[in-house]
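As a plain string of letters, each chain reads:
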Amino acid sequence: MNWKRLIGLLCAIMLLLSAVPVMAEEPIRIGWIGSLTGDSAVFGVNESSMIKMLVEETNAAGGILGRQVELFTYDTKGDANEAINATRRIIAQDKVCAILGPNASGQCIAIASVLEQMKVPDISTVATNPKVTLNYDEATGKFTTVKPYNFRICFTDPYQGAIAAGFAYDELNATKAAIFYDVSDDYSSGLTQFFEEIFTNKGGEIVVKEAFKSEDVEFKAQLTNILAANPDVLFLPCYYKQAALIAKQARELGIDAVLLGGDGWPSDQLFVMAKEALQGAYFVNHLDVNDPTFAELKTKFETKFNIPLDLNGFMAHDAYVTLVAAIEKAGSDDSEAIADALTEVTVQGVTGTIKLSKEDHNPIGKEGSITKIVGDGYEFVMKYGLGQ
Amino acid sequence: MSWYYIEGILIQCGYVLMVVLGLSLLTGFAGLFSFGHAGFMAIGAYVSAICTTKFGLSFLPALLLGGVVAGVVGAGLGKLTLNLKGDYFCIATLGFGEAVRLILENWEYVGGARGISGIPWETNLKSVIIACAIGTLALMALVRSRHGRSIIAIREDELAAEMSGINTFRYKMIALIISAVYAGIGGGLLAHYMTYIQPKMFQMVKSTEYTIIVIFGGLGSVTGSIIGTFILTFLPEMLRSLDNWRLVIYGLAVIVIMVIRPRGLMGGVELGDIFRLPARRRAAKLAEERIKNMNGESAGEEAQR
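The listed protein sequences correspond, in order, to chains A and B.
For the first sequence, the working numbering begins at 32 and goes up steadily by one.
For the second sequence, the working numbering begins at 384 and goes up steadily by one.
Where hints are given, some of them may not hold.
Claimed, not checked - Lysine-lysine pairs mimicking PhoX-like chemistry, simulated, CA-CA at most 25 Å apart: (1) A:K173 x B:K437; (2) A:K329 x A:K414; (3) A:K178 x B:K437; (4) A:K251 x A:K233; (5) A:K386 x A:K329; (6) A:K150 x B:K675; (7) A:K272 x A:K306; (8) A:K386 x A:K178; (9) A:K251 x A:K306.
As the list claims (entries may be wrong) - Computed list of chain B residues with no C-beta within reach of chain A, every gap over 10 Å: (10) R497; (11) I499; (12) M546; (13) G651.
These are computed hints drawn from the structure, not numbers from a lab.
The beta-carbon is built from N, C-alpha and C at its ideal position, and this holds for glycine as well.
Looking at chain A on its own, in the form it has when it is part of the complex:
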């Protein structure tokens, strides 16, 4: 055996192998993190599947800037510390240029320091807490500066709470409102605070405010108090599971107030769990269900993955298209250039026109779609934004 030739051949092969990635253009790497296991796994799976589908489509159409897109997804278990680990890994090891997700405010706030250190932008899908994009001074209780690398695609808790309160007072002509919220959930507490503020400012009255905990399934005790106060509307700022259970028990007790909810509601489970009780209920939604792009996307997604497409999937879609536009605008996969470009692009998403503000990195002038539950589906009522 001629050892020299063999070694020579091996060297040549190794050289060739190492040369291949140089010849083919490096892919643009993007990341998604969020809960694929744990309490909110349903939302996370929806988001990651949607982004996977979109990346496949982008690559089939020739990629971004002529380069293929490579997606990395990591599970956070819905745990803030896991989110930090996943962010560190996805940035330092997988070298992504931007991150989408995670699907909860707590995790988004926790990863901000890592993003700032590594100068990589993150677009969150449904993190509605104002503190996600703004620094908050606990001592003075005021928001200070904008976080340079945190962006979001959804409207915030104050905005949504204000929309719900405004709609209840102006359009439903309600003067007496009851709030029944999840005290152990940050999203629910946020909506409650701002609904209360706006509704009382407008001249309405919060006749009763009751609380429950995420794991509760029996609400009759609090609902009895709500029944006694006889409100015009009952505001339920919670997720679909509790909303359905509460609606059912409220109707059983004889509460006939109009039910009103937020963007935690939309889910096919609502109809499975409490279709009758929820008839005629309103909720603030991010998207207009009459829009044809909505139906098209929903069919495509559901035939591909065979799971129902929730709001999170739509938000992930819009976060992705915004990111693609920003990468194209930046003309490269340089993280800082993308962060700058994110506030410069205007994109048409399924949840409306998206333009991120330079001041607070929130979408500008996004209107809520008031949606009504009628029969087996949703009915679009009106667009409702602030200032109306």
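Start from chain A and add chain B according to the hints.
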């Protein structure tokens, strides 16, 4: 793996280790099971975070204050519950952990369910290494001292310990307070690493995680707790590329270890003991031979007679 990523996991190991060391003293040495250590951690985290964000205190005093307050609360809890025996104490701690979380959720001053944000980022690799080094050395010194032996005696047989004049209530109290202080400091480190805390982070699942680490590492072994912390913190990160399967594999790994080594990795043994083991065996063999020889000699003598 990139260093930046590993550094993050090491910092996590650091503050987890602080809590685990404390729990190791309580569960591994004093024999009291606790499912409420996330509660002490929450107290440490919230107190230190309030100090740095609302009162502008610097990191070190805030951290220590967090530990002290957790210790004081631990003393209060001990006063009420340490007379309970076995499982009852365990259930009381479980209730305590949940109570702390519920109080925090309903308390608007600390942000309720939305927690405290904007905590300065102070916890780095250096600070956790210093904290863990001091924590480990102090714990080692304690368990080897007369007080440590008294605590171990309670674990082995509380009645016998009491009969030999050990004030069992007092020593259980000492173990609980020290354990709470460790957990409080661990919580403070966590708060200043995450820069954001909310009550959700301190659910009962966390308490059980720490208890699992202590049992996995081996009861009554400080080094076992350290090894357990590193393995069980790194393992899920190593398995990250497996997506949804990683938690299944993580769980299987824990079960397999517990089946193979029911006393945990290092049950009752310290790492140093293992290194000394050959020397000990040799010494034991030597002693045995000597006894045999002596017996042989005496047997010989008898035979001579």
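Against the structure, the hints come out as follows:
no. : hint            : result
1   : A:K173 x B:K437 : 12 Å, holds
2   : A:K329 x A:K414 : 21 Å, holds
3   : A:K178 x B:K437 : 20 Å, holds
4   : A:K251 x A:K233 : 30 Å, violated
5   : A:K386 x A:K329 : 23 Å, holds
6   : A:K150 x B:K675 : 73 Å, violated
7   : A:K272 x A:K306 : 12 Å, holds
8   : A:K386 x A:K178 : 17 Å, holds
9   : A:K251 x A:K306 : 19 Å, holds
10  : R497            : 4 Å, violated
11  : I499            : 6 Å, violated
12  : M546            : 46 Å, holds
13  : G651            : 31 Å, holds
In summary, the numbered hints that this structure violates are 4, 6, 10, 11.
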